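J.: Sequence:
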Amino acid sequence: MTYQLFPATAFTRPHADDPGAFREPDYAQLTDGSVIAVSTQQYRPDPDGPVVNRLVAHRFDPQGVLTDTQVLVQDAGTPFSRGTEIIGLRDGGFVVSFNRDGSDFLHLRSFDADGTPRGDHAVTAPPRVFDAGGQEQAPVTITGGRDNALSALEDGGFALGFSASHASVFALYDGAGTSFTQVFDADATPRTDPLQIAPWVVRAPGADAEADSASVHASVPLADGGYAVILRAGANTPGGVEGQNRIVAAQMFNADGTPRSDPFAVASAENHDGSIPHAAALADGSFVVAWVNEQRGSANQAFWRRYDGDGTPLGDAVQVAPGAASFALSLTRQMVTVSPTEDGGFFITGHRVGADSTRLLQRYDAEGQPVGGLDATLRASDEEHFGRILQSPVKVFDMGDAGWLQLLATQGRNDEGPETIQLAEGISARMHAPDILGSAGDDTLEAGDTGTALYGFDGDDTLIGGPGDDIFIGGPGDDVLIGGGGQNMAVFGGTRADYDIQVDADGTVIVSDLRADGPNDGTDRLQDIQLLQFARASGGVEVIAAPTPEDTPNNGDDNGDDNGDPGDNGDTDEPGTLAGLVTRPGGDGLGNVSVTFTPADSEQASTTAQTDAQGRFTLEAAPGAAGTLEASRDYDPAADGRPSAIDALEVLRLAVGLNPSFGPAQALNFIAADMNGDGTITALDALEVLRAAVGLASDNAPRWVFVDSAIDWEALDLSRSNVQFDTGITIAAGDSDLDLGLTGILLGNMAEVA
Numbered sequence: 003m004t005y006q007l008f009p010a011t012a013f014t015r016p017h018a019d020d021p022g023a024f025r026e027p028d029y030a031q032l033t034d035g036s037v038i039a040v041s042t043q044q045y046r047p048d049p050d051g052p053v054v055n056r057l058v059a060h061r062f063d064p065q066g067v068l069t070d071t072q073v074l075v076q077d078a079g080t081p082f083s084r085g086t087e088i089i090g091l092r093d094g095g096f097v098v099s100f101n102r103d104g105s106d107f108l109h110l111r112s113f114d115a116d117g118t119p120r121g122d123h124a125v126t127a128p129p130r131v132f133d134a135g136g137q138e139q140a141p142v143t144i145t146g147g148r149d150n151a152l153s154a155l156e157d158g159g160f161a162l163g164f165s166a167s168h169a170s171v172f173a174l175y176d177g178a179g180t181s182f183t184q185v186f187d188a189d190a191t192p193r194t195d196p197l198q199i200a201p202w203v204v205r206a207p208g209a210d211a212e213a214d215s216a217s218v219h220a221s222v223p224l225a226d227g228g229y230a231v232i233l234r235a236g237a238n239t240p241g242g243v244e245g246q247n248r249i250v251a252a253q254m255f256n257a258d259g260t261p262r263s264d265p266f267a268v269a270s271a272e273n274h275d276g277s278i279p280h281a282a283a284l285a286d287g288s289f290v291v292a293w294v295n296e297q298r299g300s301a302n303q304a305f306w307r308r309y310d311g312d313g314t315p316l317g318d319a320v321q322v323a324p325g326a327a328s329f330a331l332s333l334t335r336q337m338v339t340v341s342p343t344e345d346g347g348f349f350i351t352g353h354r355v356g357a358d359s360t361r362l363l364q365r366y367d368a369e370g371q372p373v374g375g376l377d378a379t380l381r382a383s384d385e386e387h388f389g390r391i392l393q394s395p396v397k398v399f400d401m402g403d404a405g406w407l408q409l410l411a412t413q414g415r416n417d418e419g420p421e422t423i424q425l426a427e428g429i430s431a432r433m434h435a436p437d438i439l440g441s442a443g444d445d446t447l448e449a450g451d452t453g454t455a456l457y458g459f460d461g462d463d464t465l466i467g468g469p470g471d472d473i474f475i476g477g478p479g480d481d482v483l484i485g486g487g488g489q490n491m492a493v494f495g496g497t498r499a500d501y502d503i504q505v506d507a508d509g510t511v512i513v514s515d516l517r518a519d520g521p522n523d524g525t526d527r528l529q530d531i532q533l534l535q536f537a538r539a540s541g542g543v544e545v546i547a548a549p550t551p552e553d554t555p556n557n558g559d560d561n562g563d564d565n566g567d568p569g570d571n572g573d574t575d576e577p578g579t580l581a582g583l584v585t586r587p588g589g590d591g592l593g594n595v596s597v598t599f600t601p602a603d604s605e606q607a608s609t610t611a612q613t614d615a616q617g618r619f620t621l622e623a624a625p626g627a628a629g630t631l632e633a634s635r636d637y638d639p640a641a642d643g644r645p646s647a648i649d650a651l652e653v654l655r656l657a658v659g660l661n662p663s664f665g666p667a668q669a670l671n672f673i674a675a676d677m678n679g680d681g682t683i684t685a686l687d688a689l690e691v692l693r694a695a696v697g698l699a700s701d702n703a704p705r706w707v708f709v710d711s712a713i714d715w716e717a718l719d720l721s722r723s724n725v726q727f728d729t730g731i732t733i734a735a736g737d738s739d740l741d742l743g744l745t746g747i748l749l750g751n752m753a754e755v756a
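Counted the way the working numbering counts, the sequence shown spans residues 3 to 756.
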């Protein structure tokens, strides 16, 4: 049976009344049980004026109710880079780390429990001293990169792990990078100097930067006052694994920032592909590290591994729900998240990307055993509140008796009112019912005063509702489900067609599982249950009213999904529709794109539609018409950003046969680098990027190209001497009513495809 979170409220946006987009969220739970979501707000008060960028916090009380919105940092005209983090401190306050585009330094800002600022610090680090051309060099160390992580310490302070670098100077020396850790008091006053925890890695021609590097991606507190830093370590660094350029590793530190262990490998070359790890401390003092492993040509896998407070592994790496679903790997970022629970267990969350993005959730108990199966019931296509789940952490917070608060980044539309409201990127929040878990035996479970989810699991269980809207999940076995007050629902693991439903004269509903193979829910007797939930064969769930003695139960499917199940009513969308999604390489929707369908039959007219703020479009087309789908978007430096000198350097590295500084070159890198469109990468392309970076006009200025999102990147076999690819999508005759995807690539913007 599947464990799932059951909504107690509708999805809401904490910033629904505020303008602009809210991007790159991070979340933290404070000591009083409240939760803070911090994100970067970007909006333009005057259509002809500058963009305003603010770091904004939304606070939810221990009941999951939005109570406060606070601007933490405001810096009009200068956007915040990715890398914002937040943690709660032992005294009830919190700290945020952030960096502004154009700033060389990571910034820390501390707040007390009521949100009053109490300290700021610009993080600096020692320079790399080296000889270049017979002269001693010590360039400024830049700490304002994207990678940093915070940990709240038992003594009230906090620890910071961060990656740092220095830029190159053409013809004199190359750039280099490293990582540091540093300890601070609660008000962000440094308690220690930065401690270098990885070697300087020079990004020089011929150097294997990946194999020699170690970057910070997560940090967790330890019960004895220390902390652990989670790294992506190269094969040649401590904690690295031979044969794998990047691997998940960890290193333990004391409360004063001194190391208590060498880095050690968490993942192996067999179950890791270099993706970004996530980690969290659990109630018993242990910690869990999770990551995603890309399996080319098959489903992507998520793994986790648990360690005690001394860094001793508590078993091998565990795959999340083997064979059940594919965890998302975007073209630029990988994401899986760990959320601890008060009972000592934890959630692993991730999602599938694409037009039908789905949140994936697996719960584990305090022993690390799965609680039910993988939950894939939250699908963007089933939600009116949003149209897509973005590639960002999905967090679930344990709010005690109030239930579970789920927070995730979304993009889409709101169809709940008389008019459709287009939503920019932002945060969606929803409370879910608290739950009570049974055992493998025969259990009797009673709901609390508020709506509760009762999980019987194996055995012949008796589940008794309370005065609220309760959810009954009997699971395998012959169960008795007794509702109380409220609107109650029984949940079954199979599709509607898998069950026989009968009603006794006294109103008892008898639901019998007909499946001969696989899981079986047995025969359950339901009293005072108003709703029945079943799985859909095509994904998601179906909820129907429970029958009464006056009803004639319909045991067919009749779910309107046109999947051919018995009783299906065959409802379909109107014919002649081409709908789809245009995204950036990272999966974020791209608005203001003109999408045109040109029929192969020259006598038929072309049709054009504009994507909304979420990147969605719908076109009318003759049923079964063949043709081509093309897209275009004007380049806007103010909205899209200008390439930088770093982008030009990345293109130059490709031109001379070197990997970019961020790792092995992929198909997207070659496409973005071919500025002049001649099908090869040369120094001329790097020069064009440099022209754009300094604002010079050129016939080869940055521009958007759009390719089929379903393209087989490996099969393209792109290289610096072969950048041949097709734009748009070719649609064969009979292929109308499609859900299509296009990926927009901004030529010259190497950072977005890193």
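Any given hint could turn out to be false.
To be verified - The following label-pair restraints were derived from C-beta to C-beta distances:
1) P521 - W715: 48 to 58 Å
2) D719 - P47: 41 to 51 Å
3) P49 - F132: 31 to 41 Å
4) N678 - Q65: 50 to 60 Å
5) L516 - A547: 34 to 44 Å
6) A547 - Y637: 52 to 62 Å
7) G94 - W715: 43 to 53 Å
8) T610 - G509: 35 to 45 Å
9) W715 - V67: 22 to 32 Å
10) D70 - G509: 44 to 54 Å
11) G697 - D312: 29 to 39 Å
Since the hints were made in silico from the structure, they are not lab data.
Given the structure is predicted, the values throughout are model-derived calculations rather than measurements.
Glycine included, every Cβ here is placed at the ideal spot set by N, Cα and C.
J.: All the hints need checking, so say for each whether the structure fits it.
T.: Hints, verified against the model:
{"no.": "1", "hint": "P521 - W715: 48 to 58 Å", "verdict": "37 Å, violated"}
{"no.": "2", "hint": "D719 - P47: 41 to 51 Å", "verdict": "48 Å, holds"}
{"no.": "3", "hint": "P49 - F132: 31 to 41 Å", "verdict": "49 Å, violated"}
{"no.": "4", "hint": "N678 - Q65: 50 to 60 Å", "verdict": "58 Å, holds"}
{"no.": "5", "hint": "L516 - A547: 34 to 44 Å", "verdict": "21 Å, violated"}
{"no.": "6", "hint": "A547 - Y637: 52 to 62 Å", "verdict": "53 Å, holds"}
{"no.": "7", "hint": "G94 - W715: 43 to 53 Å", "verdict": "48 Å, holds"}
{"no.": "8", "hint": "T610 - G509: 35 to 45 Å", "verdict": "57 Å, violated"}
{"no.": "9", "hint": "W715 - V67: 22 to 32 Å", "verdict": "45 Å, violated"}
{"no.": "10", "hint": "D70 - G509: 44 to 54 Å", "verdict": "47 Å, holds"}
{"no.": "11", "hint": "G697 - D312: 29 to 39 Å", "verdict": "55 Å, violated"}
In summary, the structure is inconsistent with hints 1, 3, 5, 8, 9 and 11 from the numbered list given earlier, while agreeing with the others.
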